[in-house]
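There are 2 protein chains.
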Amino acid sequence: MQTLLSELKAIVGAAHVLTEGDLSAWTQDWRKRSSGKALAVVHPASTDEVAQVVKACADYLTQYPDSGLSIVPQGGNTGLVVGSTPDDTGRQIVLSLQRLNAVRHIDAANLTLTVEAGCILQTVQEQAEAAGFWFPLSLAAEGSCTIGGNLGTNAGGTQVLRFGNARDLCLGLEVVTPQGDIWPGLSGLRKDNTGYDLKNLYIGAEGTLGIITAATLKLYPQPKAQLTAWAAVPSVEAAVQLLGLAQQHLSASLTGFEMMGQFALSLVARHFANLRVPLYQSSAFCVLLENADAESEAHARAQLEGLLEAALEEGCVTDAVVAENLTQAHNLWQIRESIPLAQALEGLNIKHDISVPVSGMAAFVASTDKLLAQAIAGVRLVNFGHLGDGNLHYNVQAPEGQDAAVFLAEQETRVNSIVFDAVLAHGGSISAEHGVGSLKVDHLTHYKSPVALHTMRAIKQALDPHNLMNPGRVMRLG
Amino acid sequence: MQTLLSELKAIVGAAHVLTEGDLSAWTQDWRKRSSGKALAVVHPASTDEVAQVVKACADYLTQYPDSGLSIVPQGGNTGLVVGSTPDDTGRQIVLSLQRLNAVRHIDAANLTLTVEAGCILQTVQEQAEAAGFWFPLSLAAEGSCTIGGNLGTNAGGTQVLRFGNARDLCLGLEVVTPQGDIWPGLSGLRKDNTGYDLKNLYIGAEGTLGIITAATLKLYPQPKAQLTAWAAVPSVEAAVQLLGLAQQHLSASLTGFEMMGQFALSLVARHFANLRVPLYQSSAFCVLLENADAESEAHARAQLEGLLEAALEEGCVTDAVVAENLTQAHNLWQIRESIPLAQALEGLNIKHDISVPVSGMAAFVASTDKLLAQAIAGVRLVNFGHLGDGNLHYNVQAPEGQDAAVFLAEQETRVNSIVFDAVLAHGGSISAEHGVGSLKVDHLTHYKSPVALHTMRAIKQALDPHNLMNPGRVMRLG
Chain A
3 MQTLLSELKA IVGAAHVLTE GDLSAWTQDW RKRSSGKALA VVHPASTDEV
53 AQVVKACADY LTQYPDSGLS IVPQGGNTGL VVGSTPDDTG RQIVLSLQRL
103 NAVRHIDAAN LTLTVEAGCI LQTVQEQAEA AGFWFPLSLA AEGSCTIGGN
153 LGTNAGGTQV LRFGNARDLC LGLEVVTPQG DIWPGLSGLR KDNTGYDLKN
203 LYIGAEGTLG IITAATLKLY PQPKAQLTAW AAVPSVEAAV QLLGLAQQHL
253 SASLTGFEMM GQFALSLVAR HFANLRVPLY QSSAFCVLLE NADAESEAHA
303 RAQLEGLLEA ALEEGCVTDA VVAENLTQAH NLWQIRESIP LAQALEGLNI
353 KHDISVPVSG MAAFVASTDK LLAQAIAGVR LVNFGHLGDG NLHYNVQAPE
403 GQDAAVFLAE QETRVNSIVF DAVLAHGGSI SAEHGVGSLK VDHLTHYKSP
453 VALHTMRAIK QALDPHNLMN PGRVMRLG
Chain B
3 MQTLLSELKA IVGAAHVLTE GDLSAWTQDW RKRSSGKALA VVHPASTDEV
53 AQVVKACADY LTQYPDSGLS IVPQGGNTGL VVGSTPDDTG RQIVLSLQRL
103 NAVRHIDAAN LTLTVEAGCI LQTVQEQAEA AGFWFPLSLA AEGSCTIGGN
153 LGTNAGGTQV LRFGNARDLC LGLEVVTPQG DIWPGLSGLR KDNTGYDLKN
203 LYIGAEGTLG IITAATLKLY PQPKAQLTAW AAVPSVEAAV QLLGLAQQHL
253 SASLTGFEMM GQFALSLVAR HFANLRVPLY QSSAFCVLLE NADAESEAHA
303 RAQLEGLLEA ALEEGCVTDA VVAENLTQAH NLWQIRESIP LAQALEGLNI
353 KHDISVPVSG MAAFVASTDK LLAQAIAGVR LVNFGHLGDG NLHYNVQAPE
403 GQDAAVFLAE QETRVNSIVF DAVLAHGGSI SAEHGVGSLK VDHLTHYKSP
453 VALHTMRAIK QALDPHNLMN PGRVMRLG
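Residue numbers (the working numbering), protein chains in the order written: chain A, 3 to 480; chain B, 3 to 480.
Just to be clear, a hint being listed does not mean it is correct.
In this list, chains with the same sequence are indistinguishable; a pair is considered to hold if it fits within one copy or across any two.
As the list claims (entries may be wrong) - Pairs of lysine to any residue residues, derived as SDA-like cross-links and limited to a Cα-Cα distance of at most 20 Å, are as follows:
#1 226 <-> 103
#2 353 <-> 317
#3 39 <-> 50
#4 57 <-> 142
#5 353 <-> 243
#6 372 <-> 93
#7 353 <-> 412
#8 57 <-> 452
#9 353 <-> 223
Think of the hints as simulated: they come from the structure by calculation, not from any bench.
Build out the structure end to end from the sequences listed, making use of the hints.
Written out as structure tokens, the structure reads:
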């Protein structure tokens, strides 16, 4: 494979083909569950270089079909399902998009921004803001993840309720195909019915059908005010009722609706003494609401208070606070965002990223809580997530005092079965926003429709017949 | 093919396999540009029957690969690009979805409605309204078109600005594949990252990859008030400036933004004397705005008036009226919706359904107007459309007094070239919302990226290797 490496060095420059030293930043996954070995980490600097690298690899694989060569596209390497790191064969090229990080163009009248795949999400947000606009994709890893990775995995986050997933924020893509061709699909069009929806096929394909090198994204006018409220709700049913009321009162101004269980919040209180967690001690769940208003802060406050009054009257909220200023709002969001770390400090747990229809949420939680309590005495549930999207991080923690590693080793398979079976029974998805990667690929075989899997395989084989692009991710062939 | 017909009669009942009599309702296209001959018009009553019909045809085609048998799926047969009627070989089965017309389920807490493909769009709107919700897909043919056809062609309409195309209003599909299998993808989920986006691949594929038999659609809370305004604007630039102001002032409450040229409005005034067309005589363009408010009519009016005041001050609007009541609002919309008929009464013209980025709209119109005026002395432009989506129906009418049929025969090819070349130069699409069908399939070969066409063909061949489903539509193979 030395001739291939020489060729790649000629394309991107020797300094940008790493084969030695500590490559763990590219070969180990974000949650450190998997560590692989790369033939090389290659850093092209342009779409043309990406295309040439892919073409060189495709040619090599045609010449040596048994070489085991393949390409793993990588953005910020912050994925949660082991989708962007190499396996341990030492025959995979990690193709990092980090050097493709330019904001190419902001089109104010068209409300679009065109950006290269390696641009950090936070940079996209900042550039949009500097131009007077709002790019509303927002998630915990935004300081490290790249927009290419966000699109490759169809990332979700906290504003999906109003703006949709990464997919819904993208109007066009530039993609390098498994043959090394460039699809110039950087459309800034809101309407284009000239054939199959290739854009949405590449989005969420986790690099298995091609490499996203740039995207044209939607911008929105900045809201005049963003107000945050925190409400105590007695049950999941009450939270769902509050969601319905919020949708009626706030319509599209409702940009966040996060539900957090009492145990999840108690972990934040326990491990982050500096954060004052409101209202959780006397309530089974709390809800964080955000209202992004196009008019004024006074209007936003009146609307939010009107909603909470109605909710108190209807009994779905027992108590509530509205943040008085940005610091208070920031603190409320910090509590929500500290749950993942608080649970980690409590000890490893079994993580899920599931969705069910909002109408089935209460029944799902009640029945699954019960099944798990029956299966494992004293089991603790770290239940929180984007209720407005029907998406819960329904995580299962060892009973108090039990060793977390032992718990994981002994219970993970069983717990996954209980949770995923319940998800299926409630018409849900076993991966709402994190994707499949290699971590969930076997689960998918079990929980996804065989017709869908067959169709997915046919598409993969048609577009990447030599299985060059991120093999073994999303689905297995044959 | 008699054995096949017998088999189909056994599946759906002899009364639902039509082979004789006047079949023009199914074999002639909406605009009467094309009339074909069907082997049979088949009306299955359920998804299972659709699957059996497709399976029987697939088996027949496998046995007799030279028989020329294929299936043309059909909804309301209101398409504008000859995509749902048979060719003249007499070897195509028209598979009508008209009998699959049940509303299966309304899920209020999940804000979804599950409906069969043959349900008329207006029925979907009415059922949503009866349940207290809003299904905002709206277009001229809504009394006849079906939701399956809307999804198969990714229909647009007048509310795309806020809610997106048909694609964006759909959460899940049930599809019969070209092999006669059923994909049970009727998800009511807002988030599901378990593999390739099959839903969006089938949407807009115009029946070439499978048959949509049912869909789960998004519902929205009904607005408290819908207000309509009519503004005179001096130029396309001014209309674009007004759009930007409206997006800032009204945010997501802006649900309609239609621009109409002076000549288009003069045709309405000429052919519909009962409609009083406001403000058009002294202005190059008029804009129809709609504000759907979640709060109250008073609030909606204050917001809309605030916008128009700001626009008058900035000079992008020279005069404006706000409808005082529903009747006035209805009349304003009726003017907009009478443009297609008014131009028809004036004589056939050369129709376009193009899109360009909003920021390029003024330059596109100015340069293309000029090119056409140079090419054809006295040419008249019926220019109107969904400016908020960058979508114009940029239609070209014969010079005053010239015979329309002669004009079309002599000028259509040349006019199309001028317009489509200009669209391409401005980064636009030659079919914004009507689709490709057979009418634009040759244009696509010329104007679409070869990499995109290659990828589309690979997908078609992988999913429908015997080319059973609506062959020759969207693209040609080989």
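So, going through the hints one by one against the coordinates:
no.	hint	result
1	226 <-> 103	neither (30 Å within a copy, 44 Å between copies)
2	353 <-> 317	neither (32 Å within a copy, 57 Å between copies)
3	39 <-> 50	neither (26 Å within a copy, 49 Å between copies)
4	57 <-> 142	neither (35 Å within a copy, 48 Å between copies)
5	353 <-> 243	neither (27 Å within a copy, 49 Å between copies)
6	372 <-> 93	neither (46 Å within a copy, 58 Å between copies)
7	353 <-> 412	within (15 Å within a copy, 67 Å between copies)
8	57 <-> 452	between (33 Å within a copy, 17 Å between copies)
9	353 <-> 223	neither (36 Å within a copy, 34 Å between copies)
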